[in-house]
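Student: Each chain, written out:
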Amino acid sequence: MRKTHKRALTIGLILALGATALAGCSKIDSSTDPQPGPVQAEVKEGGEAVFAGFIATPRSWNPLTAQGDTTGNRQAQWPFYPHVFYGASDGSLQLNSDLMESATIVSVDPMTVEYKIRPEAVWSDGEPIDGDDFAFTQMVQDPRQCADCQAAWTAGYDQMELTVSADKKTVTAVFDNPFTMWKTLFIVILPEHVAATYGDPATAFNDGFVNNMPPISGGPYVISDFQANVSLTMVKNDKWYGSPAHLDTIHYRFITSPSEVITAYQNGEVTIVYQNPSLETIEKANAIEGSVVEIIGGLTYFNLIFKTVGDALGDPILRLAVARAIDGGDIVTRIPRQYAPDTPLLGSLAYAPGQRVSDFTGDPYTDNAKAANVGQGDVDGALELLTDAGYTVQDGQLHLPDGSLLRPLTILTYSSDSERVQMAEILNNQLKALGVQTVIDSADSTRYGTAGFAGEFDILVTATAGDLGVQALDQWYGTGKARNGSGYSSAAFDDLVADGNLALDPTESVRILNAMDVMLLEEAVALPLYSIGNVLIHSQQFGGIAPSMSKYGITWSIDGWGFLA
Amino acid sequence: MVRSIGLRVVNSLLVLLASSVLIFSLVSLAGDPLAELRQQDPPVSPAVIEAEEHRLGLDLPLPQRYLHWIAGVVGGDFGQSVSPSLDIGAELGDRVVVTLRLVVLAMAVAVVLAVGAGLVSGLRQNRWPDLSLTFASFVLLSLPSFWLAVLLKQGGIWINQATGYRVFFTVGFESVPPVGGFWAHGLDLAGHLILPTIVLVLVHLASWTRYQRAATIRALEADHVKYAILRGLPRSRVMRSHVIRPSLIPLITIVGLEMPGLFSGAIITETVFQWNGMGALLLDALRRSDVNVVLGWLLVSASAVVGFNLLTDILYRVIDPRMRRADHV
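As they're listed, the protein sequences go chains A and B.
Following the numbering used here, the numbering of the first sequence begins with 24 at its first residue and continues without gaps.
Following the numbering used here, the numbering of the second sequence begins with 37 at its first residue and continues without gaps.
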């Protein structure tokens, strides 16, 4: 019950924090007869559930490879692997006390982390989960040791030396440099003894774990059946060392269309749904009697990025005026609030409302956008800025200080995402108030990313994964970084990145990240809009399903799922 | 007959080869199969991207990639998919089976109903059965299949809720978890088949009925039919031998042309009912610019075209004695 108790405590704290916390985790309860929140409720043993949503037939069974590290795959395979930390409901990383006795920094120079694994932790075939598994997991994600391993994520692993104690239950990692995101490491641990059956490490990692369904489990459930494009079935792992799971059997049903998922739920063919919301699906779900519908804001958010170099928005005055005139609240009202009325306008590129940071007691979120007066729809203020700088509006069109007409600005958006397309259309309208004309470049998946990274835009409508801390902002805005299509370059910002990468103290880390955010907002490099939500739908009979703001969705709490007692 | 079939097969192979070159070029040039990987957050390292480019052969010139693919296909290897764990050959096999389960029954029902309705309509031209069937056909022709499918699903759910029994299913070809017991499993499969089958039947029934009606009317107006009636042949024999049999030929042609398309996936019906068959495979492969999967799909589709054309030729000869005699001349 260790994790369950801790989870309940965490959730209790969140609820106690009141409106601020709830702002990022808004709930729409469609039930005609409100029930106690599913998380606090007592659930009973037994039963089965059919879950549909993000999860599709895995393209790669290895969640640590670049191809396997997708939202659906992470969530699908969470119950089959051991994890040192898990992303809790509030987005913070919490120690998985089912597996670990402790994981702590025992020295800061050099940074040394000691992992103590519980003696009772074993794989479903009875083999112990131990330091050999840690060493293998580190090796395949460290290009120094395995250059051919196609890992999705190598940061941190590529600068650590591991030593394993004689009993193999204590692992010590010494880092070359401080690594602030050390809690994101070993989020999935691969079984070394299974790897050995696949061949050398690269073959095991790139082929063995990719092409073969996990034959064993280190989590609460083990796969019992898999039918490609149809379903995956899991049953309780009888060697599970943590708090007992409740449901006997859980099926993932692979349904690729969100609207068909809702219809299947309506017909009782699936019993738990977790997916991206839309007006259509939420309206349908709300109309289904006896259902609980929750919309949870995630750590990934929509935002705008402005081109900071070149002929148009390269002028910081014009860029700031544009950022000031944009009414983020109007965008939020017209899009997510149609199905999630409590969605807040995001005021930070660094943190989301309600988000918590491990070992930091305060609220890391600050509405820096409001303080910088960007994204607030201040058209008068924007026009004043422009007028002072010599810009003029003639016949409803903005002219540059030299008298020439401002060329139409290009808004690059993603054609496959209706919300991003809507955002571009709203921007197109809003900017007319400044006399700024825009053209919308709606790119498909094969062009959107490359055009964005290459800076083929004036305004980019994009989304950012906010769970990467300093690195999330560095990859988009750091000088010369591969994704920096805005062309932004600031020595002060880069210095903050360097400091942030070394800051092990959470308070200092939060301060630095907020300072980076303020810089980006005051210089009108980017503008946050709103968190991308997910919707959880299930019958009032279910409880113990805890959605997370992190990318691990609801399956991180799978051992807690069950029928209400 | 054998020579004509042989020539047709050779022609089809040449067409298939030309189509594969065209489709390979178009899909390869249309998009980047690694676009999703390049946009992944956190970013994927350049070394991984390079390894994937090498695995998919994207580091080779286009003609060389094509030659690799064609050489592989001859040896039974359909090449690498963008999804590393996907065995294209096995996937095609699984998907064809799913599509066939959906399409075969629907087409058989649609053909029987279309022949019946078309004959009634043609033989009772401008009387109430014809007028009713014509009205129904035009209503069906004007209904978008997507809308029809959604409507039927909601209707099925309503009936389920009203009766308290889940008779109709809205996704997939069987329940999850699967239902145990021979009869219960059979009923479950049937429950999943009903709605998509109705959609496919209705979508095709309308146009096929019109073809059959027109062919029946043409046959009735033929001189040899009038002569047979004047000679005093029994009406039933005239109808069976000189009207119904020859009137089937246009419908066989139409069905023969449409079947390969359905064999390759009833895309809308598969999507709405989440039957992950050939249609869904093609859509997904196109979205990902997964060239080898698209080409594998093309092979299956082209083989279906060849196969159904041959079948159509054979049926012509079974139904129309003139064609059998022509082969011997």
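Treat the hints as calculated values from the structure; they're not laboratory data.
Being a predicted model, the structure only gives us computed values, none of them experimental.
Don't be surprised by glycine CBs; every beta carbon is placed ideally from N, CA and C.
Warning: the hint list may mix true and false statements.
What the hints assert, rightly or not - Restraint ranges, calculated between C-beta atoms of paired labels, are given here:
#: 1; chain 1: B; residue 1: L103; chain 2: A; residue 2: D425; range: 54 to 64 Å
#: 2; chain 1: B; residue 1: S55; chain 2: A; residue 2: S439; range: 41 to 51 Å
#: 3; chain 1: A; residue 1: A189; chain 2: B; residue 2: H221; range: 28 to 38 Å
#: 4; chain 1: B; residue 1: D113; chain 2: A; residue 2: D223; range: 51 to 61 Å
#: 5; chain 1: B; residue 1: A66; chain 2: A; residue 2: P267; range: 50 to 60 Å
#: 6; chain 1: B; residue 1: A83; chain 2: A; residue 2: A189; range: 49 to 59 Å
#: 7; chain 1: B; residue 1: L65; chain 2: A; residue 2: F249; range: 47 to 57 Å
#: 8; chain 1: A; residue 1: A310; chain 2: B; residue 2: F218; range: 33 to 43 Å
#: 9; chain 1: B; residue 1: L65; chain 2: A; residue 2: E407; range: 29 to 39 Å
Stated by the list, open to error - Sample of chain A residues with no beta-carbon within 10 Å of chain B, all distances over it, derived:
#: 10; residue: Q90
#: 11; residue: S301
#: 12; residue: T487
Student: Hint numbers the structure violates, sorted upward?
Tutor: 2, 3, 4, 6, 7, 9, 10, 12
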